[in-house]
Every structure is written in C-alpha cells, then in structure tokens.
Amino acid sequence: MTPEPEPARRYTADRLRALPSLIGSAPPLDMAALPRDPVTLFETWLSEAIELGVAEPLAATLATLDVDGLPDARTLILKGVDDRGWAFAGPRSSRKAAQLAAHPAAALNFWWQPLVRAVRVRGHVVEADPHESAADFAARSSAARDGLDPGDWTLWRIVPVRVEFWQGETDRRHSRIVYGAAADRWTRVITGKAADDAREGVQE
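So for the sequence shown, the numbering used here puts the first residue at 495; every next one is plus one.
Simulated from the structure, these hints should not be mistaken for lab results.
Accuracy of the hints is not assured; some may be wrong.
[Claimed, not checked] Between beta-carbon pairs, the in silico distance windows are:
no.: 1; residue 1: 645; residue 2: 506; range: 46 to 52 Å
no.: 2; residue 1: 625; residue 2: 504; range: 49 to 55 Å
no.: 3; residue 1: 505; residue 2: 623; range: 43 to 49 Å
no.: 4; residue 1: 640; residue 2: 550; range: 19 to 25 Å
no.: 5; residue 1: 645; residue 2: 665; range: 51 to 57 Å
no.: 6; residue 1: 505; residue 2: 565; range: 19 to 25 Å
no.: 7; residue 1: 681; residue 2: 634; range: 35 to 41 Å
Source: prediction; values computed, not measured.
Glycine included, C-beta positions come from ideal geometry on N, C-alpha and C.
Construct the complete structure from the given sequences, taking the supplied hints into account.
Right, here's the structure in full:
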C-alpha cells in the first residue's frame, strides 16, 4: 500500500515569528550631520554599504502599477542618482515600460540587511534623454547587450516626492528620516530612536 503523502509544511504565524530578524549591525547615525537633501544622505549610506561589503548594494525593488492599477514589482540595479532623481533602465518593450507609460510613477526600495538599513524612494517617473539611454546601453557588457536593440534600451528616473531612510533598532524604536518635496526645498521629519537621540521629531 502506498503511504499517504505527508501534508505540506506551512509557514504559520508562529513558525515565522520564531525566525530571527534584525540580525545585522547598524552603523551609528550622526544626527548632527544630517544633510538638507536626500541625495546627499543616500550617497553617504550607499558608500557605507559598499565600504562595509554589503552584497549587491545597487540592487533594489522597483514597484509600478499595471493598466488595471494592480501593483507589480521586480528587482533591478540602480544606474545612478543625482539631483535629477534615481535612475534605472530596461527595454522599452518590457512589461515595466508599458506600466510606466500607463502610470508614470514608481517606488524603489533598497534593503541592506547587514546594516539593518532600508531606503524607500517614491515619485514621478520621467524618461531620460535618448543619448543617456544609448550611453547606458553602450556601457553594458557584450553579453548583456546580446539580443537587445540599442533603440529599445531606455533609461528612466524617479523624481522623488518622498525619500525615507529607515534603520532598524533592536528595541523596535526604528529610526526614520523622511524627506518630502515641498516647492523648492525639502522638508525633513525624524522619528523613532533617531528623533530621541537628536531631541527632535517634528517637521522642519
């Protein structure tokens, strides 16, 4: 007689709760040196991730909306960041491109687990100049260019309206530094342990 197959193991809430979390080691936050704009702080955090050997520090999850308004997400590589926004690329013939054409907005999430740090970027999406897209395509390896049409390769940028820097804390008073776009300047809100340390937590 063939034995009955064992029931599939399900990850119940109790099993999931038993798994460790926040097992990295966060660098100290210098609240007195926080910049007025999120690009500068992102560059600092990215540099620390690179210097401390975080694997794939440029990998991020990009979330978009499809034509029905349902969210979609995928992992890709950051192509650059400056005052114009956070850049990423892909084929114009891709599902991602079709979704951006229908809804030119997106969110980008970085998770640097060894540092217990995440960065969330959300905003409007604009297509880069064709020359920039061509330059990015040309910079790819021959293997990465194989099968792709140079005219199909496209560079986009998220022009942020909100950028959140999150640092996990073992006591769960997670630090959040949130930049919001307002006219010609950035507002900044600090909450959690970082706010306690800086004795602030209100919008500037």
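We went through each hint and held it up to the structure:
1. A C-beta distance of roughly 51 Å is found between residue 645 and residue 506, which places it inside the suggested range of 46 to 52 Å.
2. Between residue 625 and residue 504 the CB atoms are about 52 Å apart, so this pair conforms to the stated range of 49 to 55 Å.
3. Taken as a hint, the range 43 to 49 Å holds for the pair residue 505 and residue 623, whose Cβ atoms sit roughly 46 Å apart.
4. Roughly 22 Å separates the CB atoms of residue 640 and residue 550, a value that falls within the hinted 19 to 25 Å.
5. Between residue 645 and residue 665 the C-beta distance comes to about 53 Å, which sits within the given range of 51 to 57 Å.
6. Range check, residue 505 to residue 565: about 22 Å between beta-carbon atoms, so the 19 to 25 Å window is met.
7. A C-beta distance of roughly 38 Å is found between residue 681 and residue 634, which places it inside the suggested range of 35 to 41 Å.
Consistency note: the structure conflicts with none of the earlier hints.
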